[in-house]
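Colleague: The listed protein sequences correspond, in order, to chains Y and G.
Residue numbers for the first sequence follow this note's numbering, so the first one is 4 and each next one is one higher.
Residue numbers for the second sequence follow this note's numbering, so the first one is 4 and each next one is one higher.
Just to be clear, a hint being listed does not mean it is correct.
According to the in silico footprint, chain Y covers these stretches of chain G (three or more CB under 8 Å from chain Y) [claimed, not checked]: (1) 16-25; (2) 53-65; (3) 143-150; (4) 227-235; (5) 244-251; (6) 265-275.
Mimicking BS3-like on lysine-lysine, the simulated pairs with C-alpha atoms at most 25 Å apart in a straight line are [stated by the list, open to error]: (7) G:254 to Y:135; (8) G:113 to Y:259; (9) Y:193 to G:113; (10) Y:135 to Y:255.
Here are the in silico distance ranges between beta carbons for each label pair [stated by the list, open to error]: (11) G:68 to Y:185: 17 to 27 Å; (12) Y:31 to G:136: 46 to 56 Å; (13) G:277 to Y:95: 53 to 63 Å.
Think of the hints as simulated: they come from the structure by calculation, not from any bench.
The beta carbon of each residue, even a glycine, is placed where N, CA and C say it ideally should be.
One-letter residues, chain by chain:
There are 2 protein chains.
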Amino acid sequence: MKIAVDAMGGDFGHCVLLDGAIQAARKWEVEIFLVGDQDLINLELGNHNLQGLKIYVKHAPEVIEMDESASAFRKKRGSSIRVATELVKRGEADAVISAGNTGAAMASAKILLGSLKGVERPAIATILPTIKGIALLLDAGANVDCKPHHLFQFAVMGSIYSKDILGIENPKVGLLNIGEEESKGNVLTKETFKRLKNGGLNFIGNVEGKDLYSGKVDVVVCDGFTGNIALKISESVAEMISKYFQQEIPKKFLWKLGYLMMKPCFKNFKKMVDYDEYGGAPLLGINGVCIICHGRSGAKAIKNAIRVTTDFIQRKVNNHIQKSLTLS
Amino acid sequence: MKIAVDAMGGDFGHCVLLDGAIQAARKWEVEIFLVGDQDLINLELGNHNLQGLKIYVKHAPEVIEMDESASAFRKKRGSSIRVATELVKRGEADAVISAGNTGAAMASAKILLGSLKGVERPAIATILPTIKGIALLLDAGANVDCKPHHLFQFAVMGSIYSKDILGIENPKVGLLNIGEEESKGNVLTKETFKRLKNGGLNFIGNVEGKDLYSGKVDVVVCDGFTGNIALKISESVAEMISKYFQQEIPKKFLWKLGYLMMKPCFKNFKKMVDYDEYGGAPLLGINGVCIICHGRSGAKAIKNAIRVTTDFIQRKVNNHIQKSLTLS
Chain Y
4 MKIAVDAMGG
14 DFGHCVLLDG
24 AIQAARKWEV
34 EIFLVGDQDL
44 INLELGNHNL
54 QGLKIYVKHA
64 PEVIEMDESA
74 SAFRKKRGSS
84 IRVATELVKR
94 GEADAVISAG
104 NTGAAMASAK
114 ILLGSLKGVE
124 RPAIATILPT
134 IKGIALLLDA
144 GANVDCKPHH
154 LFQFAVMGSI
164 YSKDILGIEN
174 PKVGLLNIGE
184 EESKGNVLTK
194 ETFKRLKNGG
204 LNFIGNVEGK
214 DLYSGKVDVV
224 VCDGFTGNIA
234 LKISESVAEM
244 ISKYFQQEIP
254 KKFLWKLGYL
264 MMKPCFKNFK
274 KMVDYDEYGG
284 APLLGINGVC
294 IICHGRSGAK
304 AIKNAIRVTT
314 DFIQRKVNNH
324 IQKSLTLS
Chain G
4 MKIAVDAMGG
14 DFGHCVLLDG
24 AIQAARKWEV
34 EIFLVGDQDL
44 INLELGNHNL
54 QGLKIYVKHA
64 PEVIEMDESA
74 SAFRKKRGSS
84 IRVATELVKR
94 GEADAVISAG
104 NTGAAMASAK
114 ILLGSLKGVE
124 RPAIATILPT
134 IKGIALLLDA
144 GANVDCKPHH
154 LFQFAVMGSI
164 YSKDILGIEN
174 PKVGLLNIGE
184 EESKGNVLTK
194 ETFKRLKNGG
204 LNFIGNVEGK
214 DLYSGKVDVV
224 VCDGFTGNIA
234 LKISESVAEM
244 ISKYFQQEIP
254 KKFLWKLGYL
264 MMKPCFKNFK
274 KMVDYDEYGG
284 APLLGINGVC
294 IICHGRSGAK
304 AIKNAIRVTT
314 DFIQRKVNNH
324 IQKSLTLS
């Protein structure tokens, strides 16, 4: 199995990404293409023991920066994300992983690889930590304006991923909405509800924002605008809470002492909501495998993303998606 | 000034609502109609010293339960929220306050009182606690499917409320979106951006979910579907965090001890995000005054909602909205 890693994306620089990729190559015996500036990559590889590992460097002279528009991938034909995706297109790699510009990674995959037969709109599926374990939310931002049948397809793809990769038998699907009753919501959710009700999935109905982290459902379906807002707000609230404590705790000696005693408890929480544990979000429905990692991914996130990618390929997620959606 | 309080709405029963109303009547010398089951209300009033207070009971034999559809207000002509709103319609009261079924309260106000001249869609404006103070978000759920000019009107109404009631001179307005650049977003936000850019407000551009609680803007504008999801997810994240600590802290003696030391710090946080402090969300654009309180409102929330209501009337918010929107 060969995986192309965009070695230039991400907020923490190429060393962190390389570190994660090398750890994965050692652990799961996958072959890795590190795609990016070959001088930089080779320099850093010199600091690692690569004996027995199948790690190759593929030169890409350009980088799409985090703040560039997604369309930059068209002009920057030598950008690391584009070169990595082209490896998949030509069949030289089985999958591409990037922690760089999400828009550019999606655009590259959608345009260069195309969609699976039967899939109208590929969607980003993100893991949510819940009180009971984890859930999957899609679409997390690939499609800002959706139709009901797009959301239905997201539900099908999410159910398959949840079963194949997360090991959830008969995953419960919920439609993100502003009320539980069938009559609630906007035009899109009302129509989608009807479609899901008779769609052959384990659809349990509408779920509200308050159910997102309660573990009530395994797959949360929404359009990419709502999904993206939902995820960013979740980060925002967690950050506000964290900032509040950072500001307040130093104000009193007793609070500082209390915090020190509770530190492992705070740390466990941080681990629970840590992106790095879940290893990236697949762009489901692509004719190929594309895993998008958070810009703030550390080495562990990249390593975990590579593990998820190998599962994705071995468990034939794409075959299952194509089969379901060409039948439905 | 006369305020009609729906005495039957809310999760905690009529005693809590009466308590808040009585405190307000004592503090700000407002006249209060308590609308609901007169026997229940009179029984509870017997437990209070009402000397010098102008508190009247207005009988309403029916209640719209929290889980009923908004349209229940049509059939239940004797429901407390409807009777309270009718007092405003007939000019017997200046404002209505309810902590009951939000949909029914909105529907009553929209249909019985109608909109101000120039206002196409009334919107619920909710206070958000931020790291720097507070911000206003609208629409929080009154309009699930919106057009760009609706969102523009929300921005105008929110700016006026922010200035008149929250005392913010030249409030900064942001459009809730999935990226900061003008080109980002769905059809609705892209069109709204253009409208806001030349709208004469202090529009600072798109804001993302992560900016909601950062204090970057004073007024956050979005459609009611997105706004409602945003608010409920915020609650959900805060609840998940709180549940996590409730579950974990008892597991270790040291954590329990640390928590006890930090308790005031946790309590201050709770106060910061407490609905009760902010006293309800106005339905802006109504031809009258309608303040909607959270179902979980305590006596303090009702008292504060009455204070906000008196400010709303005295500072002529509705005059300012009508003037702005008939001119624009």
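Colleague: Hint by hint, say whether it matches the structure.
Modeller: Taking the hints in turn, this is what the structure says about them:
no.	hint	result
1	16-25	violated (count 0)
2	53-65	violated (count 0)
3	143-150	holds (count 3)
4	227-235	holds (count 8)
5	244-251	holds (count 5)
6	265-275	holds (count 6)
7	G:254 to Y:135	17 Å, holds
8	G:113 to Y:259	51 Å, violated
9	Y:193 to G:113	22 Å, holds
10	Y:135 to Y:255	34 Å, violated
11	G:68 to Y:185: 17 to 27 Å	18 Å, holds
12	Y:31 to G:136: 46 to 56 Å	50 Å, holds
13	G:277 to Y:95: 53 to 63 Å	58 Å, holds
Hints 1, 2, 8, 10 from the list above are not met by this structure, while the remaining hints are.
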